[in-house]
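Novice: Below, each chain spelled out in residue letters.
Protein chains: 2
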Amino acid sequence: MTLRLDYGNMLAPRLGGRGIEPRRLQRFAAEFRRAYDEVGERRARGEMGFFDLPHARETVSEIRRFADGLGQAFENVVVLGIGGSALGTGALSQALLGAHWNELSDERRDYYPRLYVLENIDPTSIGPFLDRIDLGRTLFNVVSKSGTTAETMAQYLIVAERVRRELGLEAGPRHFLFTTDPESGALRQLANEEGIPTLSVPPNVGGRFSVLSPVGLLPAALAGIDIEAVLAGAAGLADRCVTPELLENPAGLTASLLYLAEREHRANINVFMPYSDRLRALAAWYCQLWAESLGKRLDASGQEVHVGPTPVAAVGATDQHSQFQLYMEGPFDKVVTLLAVRDPGCDVEIPPLYEGIPALAYLGGHSLGELLSAERRATAEALRREGRFNMTIEIAGHTPHALGELIMFYQIATVYAGALYHVDPLDQPGVELGKRLTYGLLGRQGYEAPEIADGDPRWIV
Amino acid sequence: MTLRLDYGNMLAPRLGGRGIEPRRLQRFAAEFRRAYDEVGERRARGEMGFFDLPHARETVSEIRRFADGLGQAFENVVVLGIGGSALGTGALSQALLGAHWNELSDERRDYYPRLYVLENIDPTSIGPFLDRIDLGRTLFNVVSKSGTTAETMAQYLIVAERVRRELGLEAGPRHFLFTTDPESGALRQLANEEGIPTLSVPPNVGGRFSVLSPVGLLPAALAGIDIEAVLAGAAGLADRCVTPELLENPAGLTASLLYLAEREHRANINVFMPYSDRLRALAAWYCQLWAESLGKRLDASGQEVHVGPTPVAAVGATDQHSQFQLYMEGPFDKVVTLLAVRDPGCDVEIPPLYEGIPALAYLGGHSLGELLSAERRATAEALRREGRFNMTIEIAGHTPHALGELIMFYQIATVYAGALYHVDPLDQPGVELGKRLTYGLLGRQGYEAPEIADGDPRWIV
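Going down the list, the sequences are from chains B and Z.
Those letters in the first sequence? Residues 5 to 465, by the working numbering.
Those letters in the second sequence? Residues 5 to 465, by the working numbering.
Be aware that a few hints might be false.
All copies of an identical chain are treated as equivalent in the list; a pair is satisfied when it fits inside any one copy or across any two copies.
What the hints assert, rightly or not - Straight line, CA to CA, 20 angstroms or less: simulated SDA-like cross-link-like pairs of lysine to any residue:
1) 439 / 307
2) 439 / 449
3) 439 / 458
4) 439 / 457
5) 439 / 426
6) 439 / 390
7) 439 / 363
8) 439 / 389
These aren't lab readings, by the way, just hints derived from the structure by calculation.
Take the sequences, apply the hints, and build the full model.
Specialist: So this is what it looks like as structure tokens:
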């Protein structure tokens, strides 16, 4: 079974007057074809490298050589990275290793290393973490495409100094592995000078589209994940989603339905709600992909448009008890995408105790998997009955193949959506100002100390 | 130092034409006074019990007796709960114990127990977790105000059967502790029949306002958190925020500014972005509080209004590399509340290595705390320069007192916002339909199997 999209609850016949008319969707097929062509042209110009990652056999062999040579020699693999250099690794590892991997014994991990992603610069996380781990048994994978990311460079400086101090000046090449641009940036320069092994991020693959490059695949392989199966899933899904026929293209349909819901029905919030604890991190990965790719000031012709739906991550069933009241009764400003895992891989029976107590009796004899699935179907139906847009994506399981599919699915949907919004889904010009101001505040050469408007006592309480 | 709100970047003089006019805010003081009075009246009628929790001395003594008697006898405390029965406990424990508490050695935890919150029914989490822990050294705190929550009851049945099987029929009263309604519900009935120790949730305290009741305080106390300091912080903040003078009332200002931004400037998304890994779970707690309290179909007069801003959790600096492109360039539909921790409690120096490489040199000599703080200030300023609503809340530290303040701050802001929107912030009628449909799907007596509109092959791809 492959990824499956049920979009009936986006359509007017199901939503009692609200919703997208099926004939509107049919008419939209022409618009989608234009978006499809645009993506095809950019791909042909070599601008969308993520499409080709599943077929990069040499890269996979290189990753395998590293992983097989290094993997079980270390107790800990620590990724230093942020944003696109961290989120994909978190998504893959949580989905395929489980949320508690690092708490398992060596035996239960099959002697694969623990895997940590340090994706922030909070001293209260990083200080105690570095104090706690055994540096001598740790490999640090420093991931920054540009090789200049402030947060990652700061982490690297701290770790490099500790490794030198505790393990000696010569330890670097054994305890570091860089993933960065093939030519430029500080990490590439350091790697060349110090002989640190390095993998390359293809220049035509941006951070948020890089999980299927060495950025995400190296840590996954080190932790024992079958990266070939991830890539096979991604390749198969790409084949399905590279067709101009809207109604046969699940990624195209997702992009088109979310676009129509936002443009024509004011649903500016896209909730992604997997019914799986293991897909929490994947939801965070999706939020970056969707937000950073579509949230743009300028359209392709340079006009100010200020577009972009806002992605929101939720987890079922948990967030039924947190966000659902708003989703059911609040403004009609959302599309909720529920994600079902057909075979979660294990189940737990609910025993029939206390048959005389009605609030407990009906649960006995079912399983947690059944309860979770019933709640998901009930949630979709409840949303539908209230006229609320929703869709359901089903994947086969928490398997490498299914994760590869899901990742490629959203990457392709994102570039189609970019073409529909007439924006460039591959750039992120809006983050530069904040970086420049930070450099100024820290006194970086060439950057002026900025004037910052804050601290006015009239407006402080 | 106490909680501090800097709201200058919500105002027109700062936002270059966009933003709320200061005189509009001044005029709004009268409207706020009406909201203030309404909250005061409901409080006087005994409907808003959360205000009084910081002064419930008897409850605190009772919690202390339990905690001192039980705490260090157990290696694990496992909370079975969902939504309001889980989020506050997660918020307090992550903020005050750190995210990696459960990975620390007994010594580093001062022999306080590990603390787990099972807030979902995903079999792939719960099965392996229960297989892994030592039931004989585990206390299960079952938390459900109604004593009927399906997810929590299912968890309880599974655990109760395992405890009976592995530890014997009589083990229940030693390994369970219920937190529930003082009179009604299945948990109360079971507690009476089986002699299971039980703490009460006051009837006038709803789930999402219950973190300062035994719901949140018992697990906190068991893990060694100074709950008296949490309550002292909450009490002090409540004193500051119970004043009808809008411009002197930080909770009133937060509610009013977010209300005005949404009603008069179409900012329907409220981002809460602590610059602290330890406040991730607090952000999730806030999201429930804000969404479930304000997302309503009907106003107080019974009119259909379908209101409610959508809360979004983010974490700085991490999400600058994920959501920030959208926040800076996308639609003007957001207010970002940044949260600063004045003294995070520890810091890490960034050593001055590689002074010849510009991308690294400027970082040396600063600390991670300085970098984090510079990024936060730069982010606020960058948002401001782009005309984007933002505010900054500063708390003193990751201390029990500061957390108590912050929790009470948002609880009070929430009921003021409810009064401004003319909705009841204390109910959640929208979650009932989903529950009924779930009961029907599971064959609960008295509930019909529902017809569910899904699976139409025309709309599946």
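Novice: Against this structure, judge whether each hint is valid.
Specialist: Hint check:
In this assembly of identical chains, residue 439 and residue 307 lie within 20 angstroms of each other by CA distance neither inside one copy nor across copies; the values are 24 angstroms within and 47 angstroms between. When the C-alpha separation of residue 439 and residue 449 is checked against a cutoff of 20 angstroms, the pair qualifies only within one copy, where the shortest distance is 14 angstroms, while the shortest distance between copies is 60 angstroms. Only within a single protomer do residue 439 and residue 458 lie at most 20 angstroms apart by alpha-carbon distance; the minimum there is 18 angstroms, versus 47 angstroms between protomers. Proximity of residue 439 and residue 457 under a CA criterion of 20 angstroms is satisfied intra-copy only: 17 angstroms inside one chain copy versus 49 angstroms between copies.
In the homo-oligomer, the alpha carbons of residue 439 and residue 426 never lie at most 20 angstroms apart, since the shortest distance is 26 angstroms inside one protomer and 41 angstroms across protomers. Proximity of residue 439 and residue 390 under a CA criterion of 20 angstroms is satisfied inter-copy only: 14 angstroms between copies versus 44 angstroms inside one chain copy. Taking the shortest Cα distances, residue 439 and residue 363 sit within 20 angstroms of each other only across copies (12 angstroms), while inside one copy they are farther apart (55 angstroms). In this assembly of identical chains, residue 439 and residue 389 lie within 20 angstroms of each other by CA distance solely across copies; the values are 14 angstroms between and 46 angstroms within a copy.
Of the numbered hints listed earlier, those contradicted by the structure are 1 and 5.
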